[in-house]
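S.K.: So you can see what is in the structure, the chains are spelled out below.
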Amino acid sequence: MAGRGSTWRAVWSEALASLGQKPARTVLTMLGTVLGVGCFVAVLGLTATAAGQISTDFSSQIATAVRVNDAGTNPAGDTVFSFPDDAEQRIARLNGVQAGGVAWSTSADLDLGPAASSPAEAARVTVTLATSGYIDALLPTWRSGGVYNRFQQDHRLPVVVLGPALANRFGLSQAGGVVQLNGLPYLVTGILADVATQPEVLAGALIPATTGWDRFGSPTVHAPASMLIRTDLGAAHQIAGEAARQLRPDAPQLMAVVPPPDPPRMASLINASMRNLFTALAGLTLLIGGAAIANTTLVSVMERTQEIGLRRALGAAPAHIIAQFLIETVVLGAVAGLVGGSLGLLAVIAVALSLDWTALIDPWIVLAAPAIGAGVGLLAGLYPAWKAGHIDPIGALRR
Amino acid sequence: MSPPPAVRLSHLGRRFPGPPPVDALQDATFTVRAGEHVAIMGPSGSGKSTLLNLIGLLDSASSGVYELDGVDVGGLSAQRRTRLRRDLIGFVFQDFFLLPARTAWENVALAMVYTGLPAAQRRQRAMAALDRVGLSQRRDALPSTLSGGERQRVAIARALSNDPRLLLCDEPTGNLDSVTAGQVMGLIAGLNRLGVTVLTITHDLATASRATRVLQIADGRVRDQ
Ligand SMILES: Nc1ncnc2c1ncn2[C@@H]1O[C@H](COP(=O)(O)OP(=O)(O)OP(=O)(O)O)[C@@H](O)[C@H]1O
Ligand SMILES: [Mg+2]
Chain E
465 MAGRGSTWRA VWSEALASLG QKPARTVLTM LGTVLGVGCF VAVLGLTATA AGQISTDFSS
525 QIATAVRVND AGTNPAGDTV FSFPDDAEQR IARLNGVQAG GVAWSTSADL DLGPAASSPA
585 EAARVTVTLA TSGYIDALLP TWRSGGVYNR FQQDHRLPVV VLGPALANRF GLSQAGGVVQ
645 LNGLPYLVTG ILADVATQPE VLAGALIPAT TGWDRFGSPT VHAPASMLIR TDLGAAHQIA
705 GEAARQLRPD APQLMAVVPP PDPPRMASLI NASMRNLFTA LAGLTLLIGG AAIANTTLVS
765 VMERTQEIGL RRALGAAPAH IIAQFLIETV VLGAVAGLVG GSLGLLAVIA VALSLDWTAL
825 IDPWIVLAAP AIGAGVGLLA GLYPAWKAGH IDPIGALRR
Chain X
523 MSPPPAVRLS HLGRRFPGPP PVDALQDATF TVRAGEHVAI MGPSGSGKST LLNLIGLLDS
583 ASSGVYELDG VDVGGLSAQR RTRLRRDLIG FVFQDFFLLP ARTAWENVAL AMVYTGLPAA
643 QRRQRAMAAL DRVGLSQRRD ALPSTLSGGE RQRVAIARAL SNDPRLLLCD EPTGNLDSVT
703 AGQVMGLIAG LNRLGVTVLT ITHDLATASR ATRVLQIADG RVRDQ
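Protein chains in written order, with the numbering used here: chain E, 465 to 863; chain X, 523 to 747.
Errors might be hidden in some of the hints.
List time: in silico DMTMM-like cross-link candidates among lysine to aspartate or glutamate, alpha-carbon distance up to 25 Å [what the hints assert, rightly or not]:
#1 E:K486 x X:D699
#2 E:K486 x X:E628
#3 E:K486 x E:E767
#4 E:K851 x E:D714
#5 E:K486 x X:D617
By construction, these hints were calculated from the structure, which means they are not laboratory data.
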């Protein structure tokens with residue numbers, strides 16, 4: 465007698481033959497699972513791609529920024545300033561530092577002075593009293609001109625860098641003009657276009673710390689000074705560890721160093737909720753896809769009652785009938801998973817291409833797609849197959 | 523020593539537990555010897571199909587004893603009964619029961635799906651069986667394109683492709699005109715002459731006349747005459 469293996473192989477071909485007999489129905493039955501698996505792969509792929517994108521954006525801007533706050537106190541008065549006078553030069557000596565400087569802020573009235581056509585126009589603006597290294601560390605782009613130079617800072621000259629908002633407001637398009645701060649004239653050395661961090665400076669004006677110290681006073685506990693250090697990529701944590709001692713070897717505890725946050729942790733934090741939402745949606749679609757398979761298979765079992773009775777009369781055991789229907793739904797689900805996974809992958813690639821991003825997709829997901837589909841098919845097939853296996857052959861063969 | 527009778531029934535009964543309960547078969551007590559062709563005649567509702575389903579191991583009796591080839595099947599597991607059915611018994615039904623989407627030869631090959639024969643042999647034996655019923659030229663035809671007689675011949679080919687020892691026919695000519703019915707019964711009689719034990723249920727006298735022996739069933743009761 466021939467082997468059991470051949471019987472199961474024959475049951476397998478019977479299942480495939482049944483799937484092939486109603487191709488339109490087979491395709492329609494798969495649709496929900498195709499969509500579900502497709503959504504699943506697309507969502508995971510798109511969130512991974514977006515996460516990769518966000519973290520590269522962030523890492524080049526935030527992961528290279530080290531902040532040093534003034535932790536000093538002054539029981540005698542308001543003034544607090546623990547940074548050394550040569551803070552900028554000291555920090556620049558560390559390996560991996562691109563730029564760094566000290567700043568604090570105050571506010572002042574800004575206008576165009578008596579020469580202007582409408583002298584009444586004045587604005588209360590935030591003035592950042594910053595060394596040029598601080599502005600360099602912001603990674604600025606310029607609409608016109610640039611940061612004030614060493615000579616202007618050393619000689620405490622009245623020079624100013626304007627943010628684009630103020631430049632627009634006062635109709636200044638070029639560096640080289642003059643504005644008044646608290647009634648005193650300042651030469652505009654540059655107009656910012658953008659900065660990588662600290663976007664609030666775009667709304668105000670910046671003047672040299674030296675000039676500012678003379679005219680606006682020292683930093684206070686209420687508006688303390690802090691240092692911004694721009695490092696090479698990957699050097700931030702190293703520099704954060706060295707900064708305090710480099711600035712104040714005598715009293716490093718006065719320098720409160722804030723290293724940048726971990727970029728990967730940040731990326732996953734940003735994406736966790738979105739990812740959960742979309743994964744839930746994909747899961748819901750899969751559930752609907754599974755219900756569609758279960759429903760169609762149940763209908764098909766009812767339609768094929770006679771066929772099942774006949775197969776039992778020809779010597780099929782209930783297990784053979786159950787296996788045939790399970791194979792049908794598992795194959796259906798696996799093919800749907802394959803198709804859906806491919807469509808999802810295409811969607812991720814298309815979106816990434818259109819946004820000029822790098823498509824990032826876990827190869828595990830692509831491989832898992834047919835398996836997920838097969839799993840859905842298996843779960844969906846359990847009840848209909850069990851029902852088919854328990855159909856009474858004599859009832860099925862009665863006219 | 524003579525071989526055990528193919529089928530031996532004593533006081534076989536089948537009650538369908540309603541409500542209300544129906545005694546579809548009350549008492550079947552008869553013997554079919556190997557190689558016989560027995561026809562069972564009786565009015566509609568007399569329990570003919572119920573009897574045939576019991577003999578075909580598609581159903582289990584509520585009372586009495588059924589011996590198939592000397593084996594009391596009453597105590598056998600479902601699995602053993604399924605295997606006996608597959609290996610010993612062939613069915614021919616009034617309604618043919620062909621799968622509409624499968625060709626003639628594929629329908630015949632269906633009988634061997636559960637026997638463990640490799641696909642090539644299933645196909646080969648299906649072709650041979652179709653040849654025996656004179657339909658080799660229609661092997662690729664779908665059932666819908668076949669006449670009633672041709673469909674029943676495909677069904678007979680399906681039953682004989684598995685070399686059954688016992689062929690059970692439930693109104694095999696019920697849907698056929700008398701000429702076609704004669705051809706189909708000729709085929710069945712031919713199989714019987716080759717040694718297959720045949721049990722045919724019918725209420726057609728001409729069909730019954732092809733049998734070596736005719737039993738009458740009434741109100742679920744049938745005995746050897
Ligand atoms: N599953 C069942 N449940 C309840 N009653 C049934 C069942 N199957 C058959 N019967 C009843 O048992 C009796 C015998 O039925 P059976 O099908 O054996 O008759 P039959 O002789 O084959 O009739 P026919 O010539 O019309 O095919 C009938 O009264 C029928 O209604
Ligand atoms: Mg009947």
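S.K.: Which constraints among the numbered hints does this structure fail? Numbers only, ascending.
M.R.: 1 and 4
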